[in-house]
Amino acid sequence: MKILYAHHPEDFKQYTTEKLREQFMLETVFVSDEANFVYSHVDRIIYGGVMPVEKRVTLDAGKELAAEYFLERREMGVINIGGPGRIKCDEEIYEINNKEALYISRGTRDLVFESSDPQNPAKFYVNCCPAHKSYPTTKIGFEKAIKRPMGTSENMNKRVINQFIHPDVLETCQLSMGMTVLEEGSGWNTMPCHTHERRMEVYFYFDMEEDTRVFHLMGQPNETRHLVVANEQAVLSPSWSIHSGIGTKNYTFIWGMCGENLDFDDMDHVAMKDLR
1 MKILYAHHPE DFKQYTTEKL REQFMLETVF VSDEANFVYS HVDRIIYGGV MPVEKRVTLD
61 AGKELAAEYF LERREMGVIN IGGPGRIKCD EEIYEINNKE ALYISRGTRD LVFESSDPQN
121 PAKFYVNCCP AHKSYPTTKI GFEKAIKRPM GTSENMNKRV INQFIHPDVL ETCQLSMGMT
181 VLEEGSGWNT MPCHTHERRM EVYFYFDMEE DTRVFHLMGQ PNETRHLVVA NEQAVLSPSW
241 SIHSGIGTKN YTFIWGMCGE NLDFDDMDHV AMKDLR
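For the sequence shown, the residue numbers in full-length UniProt numbering are 1 to 276.
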């Protein structure tokens, strides 16, 4: 598990492109028959992918968590973007198909990920954060996610926000996750942009063609930078950073948040005139 330490925005100003990508991007999310995770000191989030192909993948706590088992003190959200698969949580088995989610309770000891078809493996994208209480493990199908249409074609940001792990769907300690789908002809995921001082965020971009790229914007509003992101790559976004991006074509992304609160609309909006 790769460890990333927190970054001060004043230090961030000096980073080269290579340094930005090293510290904020997970360029390869899915590795065959492995759990490929990043442990960030930004709100202690863990994010990454599990792609079982020829064998099952079991999650162990490892040295990084100093715990008896992975979810001894944590909760987890999983969204499958690949073929059909299943997740064993202790004695319960959950069938998780494409664009379905599973919230997994703190205290779940045994976590096993498996694909139904090695030729079309499941791709389980994972966000995991500290938890103070146990809430029930719950499957959330795509049809059960709250749909929030946003944007306009004129502003090139017409999209639907699908809220899977959200207070209006189920209770969690601090984790929120959802999936934003941009319509054809739209490229902006959030503009005008915002920050939210009380929560960090991770973006995972997918459903992109080989030559499609997203220019992910980050940094303080008066000191912006960008990362060029390809299909199935993830970007860590600290609370002091703007959250925005523009694609060369429409795309889909999963957002995950943890931190001080669970209020999705708790945003500090940035006026266009204040961006630099």
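Simulated from the structure, these hints should not be mistaken for laboratory data. Fair warning: there could be bad hints in the mix.
Said to hold, decoys possible - Dumping the calculated BS3-like pairs for lysine-lysine here, alpha-carbon to alpha-carbon at most 30 Å:
#, residue 1, residue 2
1, LYS147, LYS158
2, LYS133, LYS63
3, LYS55, LYS273
4, LYS158, LYS133
5, LYS2, LYS158
6, LYS55, LYS139
7, LYS19, LYS55
None of these values were measured; they are calculated from a predicted model.
Tested hints:
1. LYS147 - LYS158: 13 Å, holds
2. LYS133 - LYS63: Holds - the C-alpha atoms of LYS63 and LYS133 are around 23 Å apart, at most 30 Å.
3. LYS55 - LYS273: Cα-Cα ~53 Å, so violated.
4. LYS158 - LYS133: 37 Å, violated
5. LYS2 - LYS158: Outside the cut-off at roughly 35 Å; violated.
6. LYS55 - LYS139: Distance ~23 Å between LYS55 and LYS139 Cα, so the pair holds.
7. LYS19 - LYS55: Violated - the C-alpha atoms of LYS55 and LYS19 are around 35 Å apart, more than 30 Å.
Hints 3, 4, 5, 7 from the list above are not met by this structure, while the remaining hints are.
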